[in-house]
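These protein sequence lines are chains A and B, in that order. According to the working numbering, the first sequence is numbered sequentially starting from 5. According to the working numbering, the second sequence is numbered sequentially starting from 8.
None of these hints come from the bench; they were simulated from the model. Some clues are possibly wrong.
[Stated by the list, open to error] Using 30 Å as the maximum straight-line C-alpha spacing, the simulated DSSO-like pairs for lysine-lysine come out as follows:
#, chain 1, residue 1, chain 2, residue 2
1, B, K343, A, K183
2, B, K209, B, K343
3, B, K40, A, K183
4, A, K258, A, K273
5, B, K343, B, K40
6, A, K258, A, K183
Listed here are the chains, written in short residue letters.
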Amino acid sequence: MKPEPIWFQPPPPPSRPPAAPGRPAAPPVEVVIDGQRATVPGGSTILDACRARGVDIPTLCFLPTLTPVNVCRVCVVEVTGSRVLVPACSRRVEPGMTISTESERVRVSRRMVLELLASSVDLSTAPGLHDMMTRYGAQPERYGPAAVPAAAGARDRREPGHHQAPDGARAETVAQPVKVDNDLYIRDYSKCVLCYKCVEACGVDAQNTFAIAVAGRGFDARISTEADVPLPDSACVYCGNCIGVCPTGALMFKREHDMRAAGTWDESKQRTTDTICPYCGVGCTLSLHVQDNRIVKVTSPADVSVTGGHLCIKGRFGFTFVEPPGKDSD
Amino acid sequence: MSQGALNYISRRLTVPPAELWGVVTFYHLLSTKPRPPIVAHVCDDIACRIHGGEALCESLEQIMGPPGAHGENGRATAWMRSPCLGQCERAPAALLTVAGERPRTITLAPVEDGTASIVDALRDPPDTTDTRLGARAPDERQRRVSRSVPQVGQAGMRLIGRIGRVDPTSLEAYRASEGYRGLARAVEIGPAAVIAEVVASKLLGRGGAAFPTGRKWDAVAKAEARPHYLVCNADESEPGTFKDRLLMEEDPFALIEGMTVAGYATGCERGYLYLRGEYPLAAERMAGAIAAARAAGLLGADVMGAGFEFDIEIRRGAGAYICGEETALFNSIEGKRGEPRNKPPFPVQVGLFGRPTVVNNVETLVNVPALLREGGAAYGGIGTEGSTGPKLFCVSGEVARPGLYEAPFGITLRQLLDLAGAAPVRAVLLGGAAGVFVGPADLDVPLTFEGTRAIGATLGSGVIMVFGESVDLLDIVRRIAEFFRDESCGQCVPCRVGTVRQEELLARLRARRPLGSDAEEMALLKDLGQVMRDASICGLGQTASSAVESAIFRLSIAGRRA
Ligand SMILES: Cc1cc2nc3c(=O)[nH]c(=O)nc-3n(C[C@H](O)[C@H](O)[C@H](O)COP(=O)(O)O)c2cc1C
Ligand code: SF4
Ligand code: SF4
Ligand code: SF4
Ligand code: FES
Ligand code: FES
Numbered sequence: 005m006k007p008e009p010i011w012f013q014p015p016p017p018p019s020r021p022p023a024a025p026g027r028p029a030a031p032p033v034e035v036v037i038d039g040q041r042a043t044v045p046g047g048s049t050i051l052d053a054c055r056a057r058g059v060d061i062p063t064l065c066f067l068p069t070l071t072p073v074n075v076c077r078v079c080v081v082e083v084t085g086s087r088v089l090v091p092a093c094s095r096r097v098e099p100g101m102t103i104s105t106e107s108e109r110v111r112v113s114r115r116m117v118l119e120l121l122a123s124s125v126d127l128s129t130a131p132g133l134h135d136m137m138t139r140y141g142a143q144p145e146r147y148g149p150a151a152v153p154a155a156a157g158a159r160d161r162r163e164p165g166h167h168q169a170p171d172g173a174r175a176e177t178v179a180q181p182v183k184v185d186n187d188l189y190i191r192d193y194s195k196c197v198l199c200y201k202c203v204e205a206c207g208v209d210a211q212n213t214f215a216i217a218v219a220g221r222g223f224d225a226r227i228s229t230e231a232d233v234p235l236p237d238s239a240c241v242y243c244g245n246c247i248g249v250c251p252t253g254a255l256m257f258k259r260e261h262d263m264r265a266a267g268t269w270d271e272s273k274q275r276t277t278d279t280i281c282p283y284c285g286v287g288c289t290l291s292l293h294v295q296d297n298r299i300v301k302v303t304s305p306a307d308v309s310v311t312g313g314h315l316c317i318k319g320r321f322g323f324t325f326v327e328p329p330g331k332d333s334d
Numbered sequence: 008m009s010q011g012a013l014n015y016i017s018r019r020l021t022v023p024p025a026e027l028w029g030v031v032t033f034y035h036l037l038s039t040k041p042r043p044p045i046v047a048h049v050c051d052d053i054a055c056r057i058h059g060g061e062a063l064c065e066s067l068e069q070i071m072g073p074p075g076a077h078g079e080n081g082r083a084t085a086w087m088r089s090p091c092l093g094q095c096e097r098a099p100a101a102l103l104t105v106a107g108e109r110p111r112t113i114t115l116a117p118v119e120d121g122t123a124s125i126v127d128a129l130r131d132p133p134d135t136t137d138t139r140l141g142a143r144a145p146d147e148r149q150r151r152v153s154r155s156v157p158q159v160g161q162a163g164m165r166l167i168g169r170i171g172r173v174d175p176t177s178l179e180a181y182r183a184s185e186g187y188r189g190l191a192r193a194v195e196i197g198p199a200a201v202i203a204e205v206v207a208s209k210l211l212g213r214g215g216a217a218f219p220t221g222r223k224w225d226a227v228a229k230a231e232a233r234p235h236y237l238v239c240n241a242d243e244s245e246p247g248t249f250k251d252r253l254l255m256e257e258d259p260f261a262l263i264e265g266m267t268v269a270g271y272a273t274g275c276e277r278g279y280l281y282l283r284g285e286y287p288l289a290a291e292r293m294a295g296a297i298a299a300a301r302a303a304g305l306l307g308a309d310v311m312g313a314g315f316e317f318d319i320e321i322r323r324g325a326g327a328y329i330c331g332e333e334t335a336l337f338n339s340i341e342g343k344r345g346e347p348r349n350k351p352p353f354p355v356q357v358g359l360f361g362r363p364t365v366v367n368n369v370e371t372l373v374n375v376p377a378l379l380r381e382g383g384a385a386y387g388g389i390g391t392e393g394s395t396g397p398k399l400f401c402v403s404g405e406v407a408r409p410g411l412y413e414a415p416f417g418i419t420l421r422q423l424l425d426l427a428g429a430a431p432v433r434a435v436l437l438g439g440a441a442g443v444f445v446g447p448a449d450l451d452v453p454l455t456f457e458g459t460r461a462i463g464a465t466l467g468s469g470v471i472m473v474f475g476e477s478v479d480l481l482d483i484v485r486r487i488a489e490f491f492r493d494e495s496c497g498q499c500v501p502c503r504v505g506t507v508r509q510e511e512l513l514a515r516l517r518a519r520r521p522l523g524s525d526a527e528e529m530a531l532l533k534d535l536g537q538v539m540r541d542a543s544i545c546g547l548g549q550t551a552s553s554a555v556e557s558a559i560f561r562l563s564i565a566g567r568r569a
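Just chain A, same shape as in the assembly (with noise of 0.2 Å):
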């Protein structure tokens, strides 16, 4: 008996996943950097055309995972036509634009940027940002000597508008106790340059959990959670990419905090192994940072597609299994 003819053939399984019709591509653009001619691929910034071509330009608030928010303006540049300077980690480049990345107003600029922030934040753990203060000579001592810190959540408490007059003695800084306030890690705003990137990765550049945000307005803008509330009474659900991209070590696993207040923090004696998290299906790279047989911090490299640095609670900070039972203090 004949089999019954299949009367329907479904059409061959796609080779590709189906996607949206492409944008037609900006045209190149012809622009001059730092004297020399050159075309970059239309609606780049000047930050990626200079990084293309080896040209260095300091960043602080900028990470290619996050939006740019540019308020650091350590990435200044001239753009001649323009009065004032230009970020370049969130200008577009324009056709003709004639970019210096090292003149001297730039040079005056970043200094200035990189002094006003060494006087008033405590940059002892962001180790990137000494790099920079000796490339442009940046002296913080001209401020005078610090003020005395805030106390605990005083910082907090400032309402926006009339403060107190200052005698100019002393530098005012945002320096104040640490906030510990659970057992993952750490928040100490005296290092916080206030660099927007913890609050865009609790936003929706990442986490969409929102549990932080900037307060207060001026010199006494802040991050803070809703109230002011203790984290563990906050939205925040311990993902820690907050701490994964925060630039000064103000956001700090407490194991890493514990350790450097102990004096046994040593980075010459940590190894770093990349492993896959153990938790799920999704397959997020960690990068385990070992000191001493002992497992000290969790990141995942940015340039991971899958993870884009970011984790969740588990992969970040849920490694205590594999420890010997006794050694965990946490």
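Fit chain B with the ligands to the supplied structure of chain A, relying on the hints for placement.
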């Protein structure tokens, strides 16, 4: 704002609580801690300082204790220091905020009997939004207004012609004095021709940046994205400025007409009036005028029966100078922190709610009906080649007749000071806190955008603040630095930290306790000025050093104490 209120708002508007907290802690008229129901905000800014505002604050401190006292002790009242309240022509000024069953704000200006008036008002808040200009009886009103607008009743005034003469609460009175003739002409000639008229008049924005209004309108009219929005910037918080307030209080329909024409020409169906929170009388009069215009079919789905839709919504600020910056203002209307956005993109491409947006100052828009009545080209003939039309000047400080003056561009500073009756002057601050000090040698400068630029100064929003020989200028300069520190949004490093360092430096100069040598301090001041000017995101940081540097380097006041 109590925790319960915050929770409610957060849920109702589906805003994350942490973000809401960020917004509420940004505006200084909002508080997250319990405040007594009645608070007096006493101005200690420049003009009031000259007229005893600081002395007032000091005696209040003796009577009521330190400023900003919170309600812990169960008291019903408190007082706080405030930046300029926009009442400088009748300094010293104070603003009362009253919470409770009938929340309202009340302007006390001038505070005539020192602390007694404030203490009395705190005990028994007056039942008006403005203790002086809120009067109802017409002749009484004219008498009172003439103290704020000395030229009341003079012929040939284009912008202030109705002030004191025409009842600001009556649409009929407005229509009877050439009102709505500008809009009628606009509808007759069509949107493209209206823009052509504005271009022909060479009208420059009066908010401080002096951008050609015609070009702005043209760009939005041609923008493809829809809808288009119109925003009238009535945030007026530049110390020394009060022109927009008086226009809105005394001639509200003229602004409505101007906004309607702008909306018609640029294809906006909705206009927002971002009104400074500290202006209760202006808010009352504008709300009344908008309701009256709507009832008469001059706003709404079919304006004047001409087949286009336009309506106006008032949004009130809550105490933040930076919200006068156009992109910060958009964020504020959108319910966010008033942090300026980086430009480009410019508002004409990506503005309010990400849409093409026309943003104009109150005075700019009030020029529009007059311009259409007279014809753009004729209007462009007033004033000088580079600065056309009539201009409002806010004269305050040590003059016999402080107030709002209208004059064509090109009047010299000396002529204007003669009108206002200035004694010998030591210095004049042009353009407000973001402006520049000039000395007695500069009095013949023509008051135009190009004339002031030629002497390295600025016209800004038209502030002319006069200082005589007895004023402690270094104290004034220190107050300006304090203002910028208080009002910086805190987003970018040069301004957030730079304004603090600048204030500290001036405190050292005033106390004659320099760090290192005087030369080092001057070098530091220059460096601070340069980084704020070059690397700040917005105009606040970019101009935060301009008045300070001009006072120190142009008037050399550092070595001299009055
Ligand atoms: C810090 C700062 C404050 C400002 N405040 C005001 C203001 O109170 N009122 C105003 O009209 N423009 C203000 N501006 C200017 C506005 O950004 C904008 O240029 C203006 O509203 C445009 O209107 P115009 O073209 O009619 O002048 C301010 C700008 C800056 C940088
Ligand atoms: S740990 Fe995660 S959820 Fe908590 S504040 Fe940081 S980014 Fe937000
Ligand atoms: S805590 Fe770190 S990431 Fe967050 S704003 Fe401060 S410096 Fe930036
Ligand atoms: S210049 Fe000042 S006010 Fe403007 S964005 Fe920067 S910090 Fe905010
Ligand atoms: S890196 Fe560009 S402004 Fe911060
Ligand atoms: S109202 Fe006091 S200075 Fe303007």
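Hints, one by one, checked against the model:
1. K343/B to K183/A: holds (27 Å)
2. K209/B to K343/B: Violated, at roughly 35 Å.
3. K40/B to K183/A: holds (22 Å)
4. K258/A to K273/A: Satisfied, since the Cα-Cα distance of roughly 19 Å is no more than 30 Å.
5. K343/B to K40/B: holds (20 Å)
6. K258/A to K183/A: holds (11 Å)
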